[in-house]
Amino acid sequence: MPDFGPFKTYSDALIAACSHILSKPNATAGRVQDQDFQLRWRISNEYCAWLYYTPDHQYEMSMLTDQSEPDDLGRKKSCDLPPVVDDPRYPPESLKYVFALHNHPYEDKISDEDIRSILSRGMMHGFETETQRGKVRLSIIAFFSRSSDPAHPTCDGFFQYVPYTSQLLKWTQTRGQWSCLQTGVVRGSSERNFRIEARSAPCSSTDGAAP
Amino acid sequence: MRTRKLPLALTLLLSSCALFKRAAPPVEEDTSIRFPEFHAQLATMVGESGQPYELDGAMLRALTLAANDFIPPDGRERPCWERQEAFSYRVIRQDNVIFVRISPDPAACEPRTLSLDGGARYAISTDGRILRRLFGGEPDRFDPAVRAAEEQVPAGTPVPNSQVGDTSGERSPELPASGLDAGTPDAG
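Going down the list, the protein sequences come from chains A and B. Residue numbering for the first sequence follows the working numbering, starting at 1 and increasing by one per position. Residue numbering for the second sequence follows the working numbering, starting at 1 and increasing by one per position.
Next comes chain A alone, as it looks inside the complex (with noise of 0.2 Å):
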């Protein structure tokens, strides 16, 4: 995507992605409780893209899409992603797609959509892809912003759901500082039936699916 990467690492790329999709029109709702959130709730708009790697060992994101179903009351929220990445500058069967990223228009968790998702995606193409640097594993991303300034929204974080550790992961970031709490687990990894057992854990306890 122009004006935006490469990037080495997917920390870099995350980071950047982050605001970038935010600063998006109409990319945030603000607060549920603000004022105006219905409003900019109504008008609000989901973005999404893949973050993908490519054969020269970069994390590059593909164009932005807002396509979604269509909807005459403004009330539904939704982002297509395309299965498949054009970029010509590499055969098609050498990108490998790391995160599905797309924006929350207000801090509300990966929804049960988003993992039917990314494991049917999954189980389609795989869970894991090798980097020049080890593993990654195949993620979904929902971006936020805490911000009711919609001219400057701040990236305060992001909701993650890692289905080959089958953890739910909260990001937020306060001045520069970014902090990870592990909000849940996904059990019964089937693209059409899971269940979702809410756990508050540090992330620092990687083995999410432990009993």
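Treat the hints as calculated values from the structure; they're not laboratory data. Honestly, I wouldn't trust all of these hints.
[Claimed, not checked] Beta-carbon label-pair distances, calculated as ranges:
#, chain 1, residue 1, chain 2, residue 2, range
1, B, D56, A, N45, 36 to 42 Å
2, A, T131, B, R129, 49 to 55 Å
3, B, S32, A, M1, 42 to 48 Å
4, B, E29, A, Q33, 16 to 22 Å
5, B, P160, A, D56, 24 to 30 Å
6, A, D56, B, G50, 49 to 55 Å
7, A, I43, B, Y53, 25 to 31 Å
Small disclaimer: the values here were computed from a predicted structure and weren't measured. Glycine included, each C-beta is placed from N, C-alpha and C at the ideal position.
Model the placement of chain B on the given structure of chain A, informed by the hints.
Frame of chain A; chain B shown alone:
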């Protein structure tokens, strides 16, 4: 002059009728209704070959109401992912209310796009009224739990920027084995 204006007025009237027909019927929302967590438990999957299943009329009506409200059967030719059969329907019954969650079925259409946040939740009375509906990620603004969750300061572990989004960790024992042997997209 009046006769010239009449067709225009009729056109406006008819087009506005058509516009209202396209929109979903208004729902008087009962904001006291709280939606359950639809994925707190595994569901019983209905529709396996050779097995008998039975739905009562109230359940069938609730499902029909929800599906027809979400995607009205207006006879239009729609792309695959805009049809009722491209979604799955999860149902929880609590006393006289039937809760329906409609979610895109990732396997329903080819090519498989990732439909993020699409879907809806409905609360339908057993006598056939839509009591409440929320689309996609639409917040339940009247649920104190939703507001409280936003106000909480999460007690996360500080992480250096170089580890943001870290995906390391043990493999989940429940991860489907079929997904472990691929690393490139659409190779087949």
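Comparing the hints with the structure gives:
In this structure the hint that B/D56 and A/N45 lie 36 to 42 Å apart at CB holds, the actual value being about 41 Å. The hinted range of 49 to 55 Å is satisfied by A/T131 and B/R129, whose Cβ atoms lie roughly 54 Å apart. At about 46 Å, the CB distance of B/S32 to A/M1 agrees with the hint of 42 to 48 Å. At roughly 18 Å, the beta-carbon separation of B/E29 and A/Q33 lies within the given 16 to 22 Å, and the hint holds.
Remark: the range hint 24 to 30 Å for B/P160 to A/D56 is upheld by a beta-carbon distance near 25 Å. A/D56 and B/G50 have their C-beta atoms about 52 Å apart, which keeps the hinted 49 to 55 Å range intact. Separation of A/I43 from B/Y53 is about 43 Å and departs from the stated range, judged on CB atoms against 25 to 31 Å.
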